Structure formats: structure tokens, C-alpha cells
Amino acid sequence: MADPQPPRWLLLIHQIPPEPAYLRVKIGRRLARIGAAALKNSVYVLPRAEGSLEDFQWVRREIVESGGDATIIDAQLADGLTDTEVEALFRSARDADYQAVAEQARALAKQTRGKLSPEKQVTLEAEIARLERRVTDIVAIDFFGASGRESVSAAIRVLRERLLPGAPRVSTLVGHKTESYRARVWVTRAGIHVDRIASAWLIRRFIDREASFKFVPAKGYVPKPGELRFDMFDAEFSHEGDLCTFEVLRERMDLKEPGLRAIAEVVHDIDLKDGKFARPETDGVAAQIAGLALLHRDDEARLAHGAELFEQLLAYYSRKKAELSAAPSPDKRRRTRQ
1 MADPQPPRWL
11 LLIHQIPPEP
21 AYLRVKIGRR
31 LARIGAAALK
41 NSVYVLPRAE
51 GSLEDFQWVR
61 REIVESGGDA
71 TIIDAQLADG
81 LTDTEVEALF
91 RSARDADYQA
101 VAEQARALAK
111 QTRGKLSPEK
121 QVTLEAEIAR
131 LERRVTDIVA
141 IDFFGASGRE
151 SVSAAIRVLR
161 ERLLPGAPRV
171 STLVGHKTES
181 YRARVWVTRA
191 GIHVDRIASA
201 WLIRRFIDRE
211 ASFKFVPAKG
221 YVPKPGELRF
231 DMFDAEFSHE
241 GDLCTFEVLR
251 ERMDLKEPGL
261 RAIAEVVHDI
271 DLKDGKFARP
281 ETDGVAAQIA
291 GLALLHRDDE
301 ARLAHGAELF
311 EQLLAYYSRK
321 KAELSAAPSP
331 DKRRRTRQ
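In terms of my numbering, the sequence shown has 165 at position 165, counting the first letter as 1, and numbering is strictly consecutive.
Simulated from the structure, these hints should not be mistaken for laboratory data. Since the structure is predicted, the reported quantities are computational estimates derived from the model, not experimental observations. No incorrect hints appear here.
Derived BS3-like pairs: lysine-lysine, alpha-carbon spacing no greater than 30 Å straight-line:
{"id": "1", "residue 1": "Lys110", "residue 2": "Lys273"}
{"id": "2", "residue 1": "Lys273", "residue 2": "Lys256"}
{"id": "3", "residue 1": "Lys26", "residue 2": "Lys40"}
{"id": "4", "residue 1": "Lys120", "residue 2": "Lys276"}
Can you make the complete structure from the sequences, with help from the hints?
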């Protein structure tokens with residue numbers, strides 16, 4: 001008989017008295033600060049990791065001292081929500097946190113245009129430091145490697161580069177020869193979604209036809225010599241400014257094949273959720289990616305099925321562009337009718 005699996009989760013089940021009214025809000029903020037996710041109105045979950053039990057114990061003590069009641073339970077999910085779905089709750093919450101900081105960074109970037117007074121520069125540097133501290137706080141409770149970390153880190157990095165006195169703006173979006181990327185091991189975070197699926201397809205389709213892929217935990221992976229990382233923190237290829245990884249790969253490798261720009265715009269809007277390009281196909285592609293992720297937990301399966309989807313999109317967009325190029329101009333159509 002196989003040994004039972006150790007519990008993966010800790011649950012905090014609480015009853016908070018109706019008075020004082022601010023207590024529920026206070027406890028809710030405390031739970032949010034430690035990164036707990038709500039399963040029900042009064043049931044919160046943390047991954048069973050070092051520090052999680054102590055965090056819940058402090059919250060429980062505060063509830064009990066305020067006249068309420070709370071219980072902490074070791075838990076293994078048996079029915080209903082799956083482990084994968086609970087992990088998705090954590091990623092979604094952290095992505096929302098990262099996106100909020102990224103929006104603040106982009107708003108600050110608009111204030112860096114033109115010559116800055118010394119006072120304004122000091123104010124902006126203080127704001128950047130505040131955003132960096134906020135990202136550090138979010139990373140501490142980002143238990144499952146939400147994708148938004150790359151976006152916000154890139155946004156803050158670009159913002160800080162703009163404020164360096166007298167320094168030129170640095171861009172890493174310079175052309176690379178794809179010949180230098182042959183039969184390499186490409187590493188990315190496990191649980192691939194739209195940007196990582198599309199980027200892996202782009203790599204194997206146009207950059208390294210003999211590429212092999214390794215899917216690793218979001219935290220703690222040390223790359224081996226010769227490995228290339230993409231769409232993960234400190235990767236060789238990842239988000240830059242407001243560009244997703246697919247866009248960065250396409251620009252660095254100077255890939256101009258018909259249809260790739262349109263795909264990049266769709267991937268950008270799904271991944272960054274900023275509605276920058278607003279292509280009519282985007283919602284449909286997003287639904288297909290979401291369904292693919294629900295049906296296939298294995299990353300190799302997600303990549304295989306995702307590659308089919310992006311091949312179809314490439315065929316559609318490249319043909320559409322060709323049809324538009326071949327279509328006569330309005331002036332020519334009028335002359336033909338005359």
C-alpha cells in the first residue's frame with residue numbers, strides 16, 4: 001500500500017463577531033498581507049510551507065483575542081477544487097497585485113518625458129523605490145510564480161533607466177543571428193500559458209528547430225551552462241518595458257515573417273491584459289488557450305496543442321495579409337469600372 005501524500009495546504013476557518021464592524025476588514029487585510037486565498041467567506045488557504053503555519057497562528061490569535069473563533073487545519077483536497085485550481089487562485093491574486101504596480105510604473109514613466117528638475121527627479125526616484133519595495137512584498141507571497149512579475153520588473157527597470165542622469169536609454173532589442181541558437185535547451189516556468197506557449201512555438205518554428213524545452217519551478221532554479229531561459233525572472237529573453245516575451249523574441253531575432261506581428265499583438269493583449277491592440281480575434285484565442293490549459297496539465301501536451309493553434313493563426317494572418325496586398329486600391333477599382 002502506497003504511503004499517503006502529506007497535506008499540501010493549511011486552512012484557516014474563522015468566525016468573526018459582528019462588532020466591532022472594522023474587525024472583519026482588519027482581518028481581511030491581514031490575510032491579504034500574508035498571501036492567503038479565500039476558498040469560502042470564512043475559509044482561507046495557504047500552501048503548507050515554512051512560515052505559513054506561523055502566519056495563520058498570528059491571525060488566529062488576533063481573531064480569538066477580539067472575541068471570535070478560528071481553527072487551523074492540515075488539508076489535502078479530495079473533491080471539488082483541485083490543487084491546480086487552488087494554485088490558479090494564488091497566481092490570479094498575485095497577477096492582480098503585479099498589474100496594479102505596473103500601471104503605477106507606466107503612469108510615472110509619462111512624467112519622465114522632457115527635462116526634469118532636480119526636485120522632480122528626487123520625487124520620482126522615491127516613488128520608484130516605493131514601487132520596488134511593493135514588488136518585493138508581493139514576491140514574498142507569490143508562492144506559485146505568477147507571470148506578472150516579469151512585466152512589472154521590466155516596467156520598473158525601464159523607468160529607472162530613464163531617470164539615470166546623463167545616461168542613454170538602454171535597449172536590448174537588438175538584432176541577433178538565429179544561427180547562434182541551435183539545438184539549445186530552452187528553460188521556462190512550469191504551467192505554461194499564452195506567452196510561454198507562443199514563445200516556445202516561435203523558438204522551435206523560426207529560431208531553433210532542434211530546440212528542447214525544460215519546464216521548471218518559478219523559484220530557485222539555477223540554469224546549467226548553455227541553457228537559455230525565457231519568460232521567467234532574470235531570463236535571457238523575457239518582458240521588456242511593455243513588451244511580452246513573444247514580442248521581445250520577435251524583435252531581437254528580427255523575425256519579419258508575414259502574420260507574426262498580428263500574432264504578437266494577440267499574445268500581448270491576452271498576456272498583459274491592457275487592450276493595447278484590441279484585435280477582434282483576441283477573445284476567441286484567449287478562450288482557446290484557457291480551454292487548452294484546463295484540458296492539459298502536462299506542459300508538453302499544452303505546447304503540442306498550442307503549437308497547432310499558433311500554426312493555424314499564422315496561416316490565417318499570413319493569408320489575410322497576402323489578400324490585402326493583392327487587393328486593388330479604391331482608385332484602381334474606380335478606374336477599372338470606368
